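Engineer: Letter by letter, the chains look like this.
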Amino acid sequence: MGHTAVAAITAVLLAWSTAAVAQDVRITTFKGSSTFTLNGETFTVIRNPDTSAVITGDFARTSRACPPDCLQPMVAATGVATLGELEVLAFLETAVTEGRGLLIDARASDDYATGAIPGSVNIPAITLSAENRFRKDILRALGAVDINDETMTFDGAMDLTFYGGGAWSSDAPDAISYLIEAGYPPSKLRFYRGGLQAWLSVGLSILLSPNG
Amino acid sequence: MIRIVVALTAFAVFVCALIVFRPFGGDDTQVADRLGTPVEVTPEVANVAEDIATEATRAATPDITSVVDAALAATTPLITDPDTGLIDAPRRVDVARPNTDDTHLNDMTNNVLAELGFAGVEPVTTNSQVLRESTSEILAGIEAATGQRSVLQERDTLEAIVVAALRSGTSDEDIDTMVNEAAAAGTVAVPEILVTSDGRVDTHVLLDNIIVQAQIAAGGPAPAIPDVSPDEVDGMEVRIVQQATDTVQARFYTVQRGDSLGAISIKFFGSIEHFEAIFEANRGLLSSPDRIRVGQRLVIPQLDEA
Chain A
1 MGHTAVAAIT AVLLAWSTAA VAQDVRITTF KGSSTFTLNG ETFTVIRNPD
51 TSAVITGDFA RTSRACPPDC LQPMVAATGV ATLGELEVLA FLETAVTEGR
101 GLLIDARASD DYATGAIPGS VNIPAITLSA ENRFRKDILR ALGAVDINDE
151 TMTFDGAMDL TFYGGGAWSS DAPDAISYLI EAGYPPSKLR FYRGGLQAWL
201 SVGLSILLSP NG
Chain B
1 MIRIVVALTA FAVFVCALIV FRPFGGDDTQ VADRLGTPVE VTPEVANVAE
51 DIATEATRAA TPDITSVVDA ALAATTPLIT DPDTGLIDAP RRVDVARPNT
101 DDTHLNDMTN NVLAELGFAG VEPVTTNSQV LRESTSEILA GIEAATGQRS
151 VLQERDTLEA IVVAALRSGT SDEDIDTMVN EAAAAGTVAV PEILVTSDGR
201 VDTHVLLDNI IVQAQIAAGG PAPAIPDVSP DEVDGMEVRI VQQATDTVQA
251 RFYTVQRGDS LGAISIKFFG SIEHFEAIFE ANRGLLSSPD RIRVGQRLVI
301 PQLDEA
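If you read the sequences in order, they're chains A and B. For the first sequence, the tail end lands on 212 under the UniProt record's numbering, and the numbers increase by one without skipping. For the second sequence, the tail end lands on 306 under the UniProt record's numbering, and the numbers increase by one without skipping.
Chain A with its partners taken away, still in its complex shape (with noise of 0.2 Å):
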């Protein structure tokens, strides 16, 4: 009887040691991947299956000039979500993929080019400002509706995920602020506080050249 106990919870192990091999590096213990589309196009994000792989290049400085790059609040604004890499995933999964929401990256355009979170889409955190008289154009691309030439109405407006470098960078706060001074309603918008750095930092799957 104990023989048999043994061989069992060793079959088990054995079998989860081969499983392990195979696939390491999970997102949770339930989801191996994120699968979601993006205006027809199919995105799937897993993590680095490399166990020994460490973050290179730009995102492994710990130590950015403050001012301008300083440490943000965790909450971005009154009334807007602060996520982590789990609800992005199912942000992207849901929103994104029904076409009711958008993951913004909100760095310079530059920055972007070199690399992204996939599926997102660039909209820099500056042409957000009200100094960018071609704002309002952007905010219908977003889903706003004039009333006249004063206001607008977001009713329609897009569910916005917002990101930027890293907890260091103001881009993803100053966008949001900039849409609230808009009139976008805060119940709509998002804050992944961690941005990309957490994102690599995580080995989650990053698209080298976003714009295609």
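Hints in this document: simulated from the structure, not taken from any laboratory. There may be inaccurate statements among the hints.
Said to hold, decoys possible - Chain B is nowhere near these chain A residues, computed Cβ spacing over 12 Å in every case:
#1 N39
#2 C66
#3 I126
#4 T127
#5 E131
#6 S205
#7 P210
Claimed, not checked - Pairs of lysine to any residue, SDA-like flavour, derived with a Cα cap of 25 Å:
#8 A:K188 x B:V95
#9 A:K136 x B:A184
#10 A:K136 x B:A144
#11 A:K136 x B:A185
#12 A:K136 x B:N180
#13 A:K31 x A:P73
#14 A:K136 x B:V95
#15 A:K136 x B:V299
#16 A:K188 x B:L139
#17 A:K136 x B:L139
#18 A:K136 x B:D246
#19 A:K31 x A:E41
#20 A:K188 x B:Q129
#21 A:K188 x B:Q148
#22 A:K136 x B:Q129
#23 A:K136 x B:H204
#24 A:K136 x B:T125
#25 A:K136 x B:L116
#26 A:K188 x B:T146
#27 A:K136 x B:R251
#28 A:K188 x B:G147
The structure displayed is predicted, hence computed values, not measured ones. Ideal Cβ placement from N, Cα and C applies to all residues, glycine included.
Since the structure of chain A is provided, determine the placement of chain B on it from the hints.
Structural biologist: Below, chain B alone, put in the same frame as chain A:
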């Protein structure tokens, strides 16, 4: 001891009650705008004013809406930030100003001349065009992601208005009217140094700069720095200032109605080229070149002769 504490507490409560309930304040909220004119605000008045504003002619609209805006701004309670506990500063009531962008007047003038076919003048990319292009790229990115067609709405530019007016021989007065109407309607943005102290667009400086650059393009000399004295220029003062080693003539200028930073630069230095020097010397007063106000006393810097 206890009695003193109780008495002081009672007094404090009484003072707080006075502050909160204001028994002598009357029922109507009395607010004053920045000019000191009292404006009585009750919800009915504000609504009526808004109704009038929507129905009134365009010429009358800015006055009424600005009064309503001023009144609303004055009655808006102070907002305390829940995170920091700091109180947000109330919005400053100011004259309506045209939309501006950081396009340099010289770049704009250059493009007007290039468009008009001046020999040797090549168009340059203005900051406004850069912004326009990056916005177009963003819209293309959103369109690719949503499948919804998103394109930049075509709108007038100051260059296009001026080029069309100059081609058809429109008078300076009519150009002034056209440009100011477009600016008031918010359809064009203008370079910051063209904004006057009363919130208009200084088309005199705009047209003057076109003539100056046209002359330079045709091989003519750059305008000389004029000799100005307080006798000829309203609002100008000259003071002798003793410095460590020598005495320096310090010049000051009080902003008059209708002045733009470009006009002040022409007044003292012959062209708009030196507006940056004036702006830098008055950073404490001017948050940006389009924020000049009547009565501001500007330092007119000495130019370092190279």
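Engineer: Indicate, hint by hint, whether the structure satisfies it.
Structural biologist: Comparing the hints with the structure gives:
Not every C-beta of chain B lies more than 12 Å from that of A:N39, the closest at about 5 Å, which undercuts listing it as non-interface. With a closest Cβ-Cβ approach of about 19 Å to chain B, A:C66 is found to remain outside the 12 Å limit, as its non-interface label requires. Remark: the non-interface label on A:I126 conflicts with the geometry, its nearest Cβ contact in chain B lying 9 Å away (cut-off 12 Å). Listed as a non-interface residue, A:T127 fails to keep its Cβ farther than 12 Å from every Cβ of chain B; the least gap is roughly 6 Å.
The claim that A:E131 lies off the interface is violated: its Cβ sits roughly 8 Å from the closest Cβ of chain B, which falls inside the 12 Å cut-off. Non-interface status of A:S205 relative to chain B is upheld: no Cβ of that chain comes within 12 Å, the nearest being about 18 Å off. Its beta-carbon lying about 9 Å from the closest one in chain B, A:P210 breaks the requirement of being farther than 12 Å from that chain. A hinted pair counts as satisfied when its Cα atoms are at most 25 Å apart, and A:K188 with B:V95 does not qualify at roughly 34 Å.
At most 25 Å may separate the alpha-carbon atoms for a hinted pair to count; A:K136 and B:A184 meet this at roughly 18 Å. Between A:K136 and B:A144 the CA atoms are separated by roughly 19 Å; this keeps the pair inside 25 Å, and the hint holds. Restraint check: the Cα-Cα separation between A:K136 and B:A185 comes to about 15 Å, which is no more than 25 Å; the hinted pair holds. Simply put, A:K136 and B:N180 have alpha-carbon atoms about 22 Å apart, close enough for the 25 Å limit, and the pair holds.
With a C-alpha separation of about 30 Å, the suggested pair A:K31 and A:P73 falls outside the 25 Å cut-off, and the hint is violated. Between A:K136 and B:V95 the CA atoms are separated by roughly 23 Å; this keeps the pair inside 25 Å, and the hint holds. A threshold of 25 Å between alpha carbons decides the hint, and for A:K136 with B:V299 the separation of about 38 Å lies outside it, so the pair is violated. For the suggested pair A:K188 and B:L139, the alpha carbons sit about 20 Å apart, so the restraint of at most 25 Å is met.
Under the criterion of a C-alpha separation no larger than 25 Å, the hint pairing A:K136 with B:L139 is consistent with the structure, at around 11 Å. Using a Cα cut-off of 25 Å, the hinted pair A:K136 and B:D246 is violated, with the two alpha carbons roughly 55 Å apart. At most 25 Å may separate the alpha-carbon atoms for a hinted pair to count; A:K31 and A:E41 meet this at roughly 21 Å. A threshold of 25 Å between alpha carbons decides the hint, and for A:K188 with B:Q129 the separation of about 31 Å lies outside it, so the pair is violated.
Using a Cα cut-off of 25 Å, the hinted pair A:K188 and B:Q148 holds, with the two alpha carbons roughly 19 Å apart. Taken as a hint, the A:K136 and B:Q129 pair is honoured in the structure, with Cα atoms around 16 Å apart against an allowance of 25 Å. For the proposed pair A:K136 and B:H204, the alpha carbon gap of about 31 Å is over 25 Å, so the pair is violated. A threshold of 25 Å between alpha carbons decides the hint, and for A:K136 with B:T125 the separation of about 22 Å falls inside it, so the pair holds.
Using a Cα cut-off of 25 Å, the hinted pair A:K136 and B:L116 is violated, with the two alpha carbons roughly 31 Å apart. With a C-alpha separation of about 17 Å, the suggested pair A:K188 and B:T146 falls inside the 25 Å cut-off, and the hint holds. Under the criterion of a C-alpha separation no larger than 25 Å, the hint pairing A:K136 with B:R251 is inconsistent with the structure, at around 44 Å. Taking the CA atoms of A:K188 and B:G147, the gap is about 20 Å. The hint holds against a cut of 25 Å.
Comparing the model with each earlier hint shows violations of hints 1, 3, 4, 5, 7, 8, 13, 15, 18, 20, 23, 25, 27; every other hint is respected.
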